[in-house]
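Between the sequences and the hints, there should be enough to build the whole structure, so can you do that?
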Amino acid sequence: MSTTVLKIENLGISFGGLKAVQDLNLEIKEKQLYGLVGPNGAGKTTVFNMLTGVYKPTTGNFYLDGENLTGKAQDVINQKGIARTFQNIRLFNNMTVIRNVMVGLHNRPEFKCGVFASIFRLPSYYKTEKAMRQKAKEILRIVGLEEERNNLSCNLPYGKQRKLEIARALATNPRLLCLDEPAAGMNPNETADLMDIIKFIRDEFNVTILLIEHDMKFVSGLCDEVTVLNFGTVLAQGKTRDALNDPEVIKAYIGG
Amino acid sequence: MANMFAKIKWKHFINYIVVAIAMIVFGVMSLTGALSSSTVYLLEKIAIAIILAVSLSVVVGFLGELSLGHAGFMCIGAYLGGKASLLLEPVMGDGFLTLIVSMIVGGAIAALCGAVIGLPALRLKGDYLAIVTLAFGEIVRSIFMNTKKESFGGSLGLETPRYDKDILFIIAFVFVLITLAVLQNLIRSKHGRAITSIRDNEIASKATGINVTKYKLIVFTISSFFAGIAGVLYSFSNYTVQSSKFSYNYSIEILVMVVLGGMGSINGSIIAATLITFLDVKLQTILTGDLAVLQDLFYALVLIILVIYNNAPALKGFRETHNLKVLLDRFRKHSPADRKDDEAKWDRVPTKISMDEVLSVDLQPQTTYTPDKPKKEGK
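As given, the protein sequences belong to chains A and B, one line each in that order.
Numbering-wise (my numbering), the first sequence opens with residue 2 and increments by one.
Numbering-wise (my numbering), the second sequence opens with residue 239 and increments by one.
Everything labelled a hint here was simulated from the structure, so no lab data went into it.
Since no wrong hints were added, every one of them can be taken at face value.
Anything over 12 Å on all C-beta distances counts as not near chain A; from chain B, calculated: (1) S268; (2) I405; (3) I409; (4) S485; (5) Y486; (6) V497; (7) L529; (8) D534; (9) L544; (10) L553.
Which residues of chain B face chain A? A partial, calculated answer using Cβ under 8 Å: (11) V420; (12) N423; (13) S427; (14) K428; (15) H429; (16) A432; (17) D438; (18) N439; (19) I441; (20) K444; (21) A445; (22) T446; (23) G447; (24) I448; (25) N449; (26) I456.
Every residue gets a Cβ at the ideal spot worked out from N, C-alpha and C, and that includes glycine.
Encoded structure:
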């Protein structure tokens, strides 16, 4: 049995009287591909926002590799090993593709170079800069964006912007990668391509992946287990095929 | 090592070179007595404006926060640097050393104030931060205005020691070079990328693990350090420091330089600072007597024209087709081989494309149409 990477216990948040998410329990094993699905407004992105520190949960805790990260600041959580992408793409638009990835590499211990070393152009500056560029190229090659590395990221087509977001999140060397609708706005070819990339990333970087997606083909083709949310509560949980065929889930999605 | 020098991007050094050449040329001219004292004063003012504009440009153009308190930091530097030189003069003499030490003292205290103010203020964003910094500048100004005559001169202003004008102006230019070096090196490093990422998307920046507060504080502190240095230079160049000079009008004047030069462009800020200061001083000397009322009018008119020239879409298009590069290209194109190539290309452009052809493209992979090829857009 492989080790647990992420453990969520009774996680919940309420905004005033609205309970956006309540009593969420889940456990993600190492190198698992875990899906979080549900109709619009079910609270999926809210769960992501809690896991990455945007919101502070009102109840419950979550643990990454046994360490309690509940209520920590966003950058601390990222440095501990949870990286994310956004539903509405948030790239650094006025920077080139490779620089977007290099920002992701910023906190890695192997690219340490202080502010003073940068200002006075000490040898360590040149060394880290070169190494960062090399590493960023490597990551871009994996998602297939190496050719575009010197383009401004806002000039990329939608599908490639999504891939760049994944590359940037990956650059932070995460234990857990949270992908918020990675296939949204992609055509079927790109979606199939993305499925391969995600699988490849998991094997290559030993990263555990938690993803939100509406494309059920994508989810059932990729995820081992899913949690189905509706109105902030868990409808079904377990092996993908069983959970998606649960009568409650079908009712929530297509009515009944 | 040799490899490192071969890879130097000269584009990155053009501003140092231009400033250094200006410093040497004007330095030699002033030492041989070829420059009038008013020209030396103008050059000092330009150097001060460049330091202010470049340091503010890092906050506004790269960090993306609006600060309207830059004159406040300058004020702190001017008063405390001036005071330091008065206090140090009996101990260290009225030479070069006192000047440098008091400049560093002024800069350091301004930086400290920047850090202290920044710590709570930088939790605010956008307009709110702008208003807090605006208020800070006004507070600083009125504190110095209401000091006792013995301490900081009060409303009469603080008299500073008089240094040799020629030396002062060379020192001002050396500090321009230092400002450029420090700020450009900061921007062109991993820390600079982190700072720019905060401007582009703060939420994503946090999610990528950037400590946003830390970087805002670093930028704010460094920027106020150089504003302080500029303040000390100002106090020596003017012989007196008057708190009325540092009103929010002056902060906005610095902001105008940054905006006019283009957000996120250090070279632009240098050019804009030079132009605006030159214009300001020249208008004051040309329009005297009864015409003095027109100074502000002309200043405002020129500003409006410059901003429109920079940003109006029609003029942007005009500049793209009528700049030096295009002109040079046109000269190059006159060789017959190039022209033939051009004509040939135009012949091949199909005049009519039927829908069938468009649809058939996907089915016939041997055609040259490649939808995934990245478009190289000329920038």
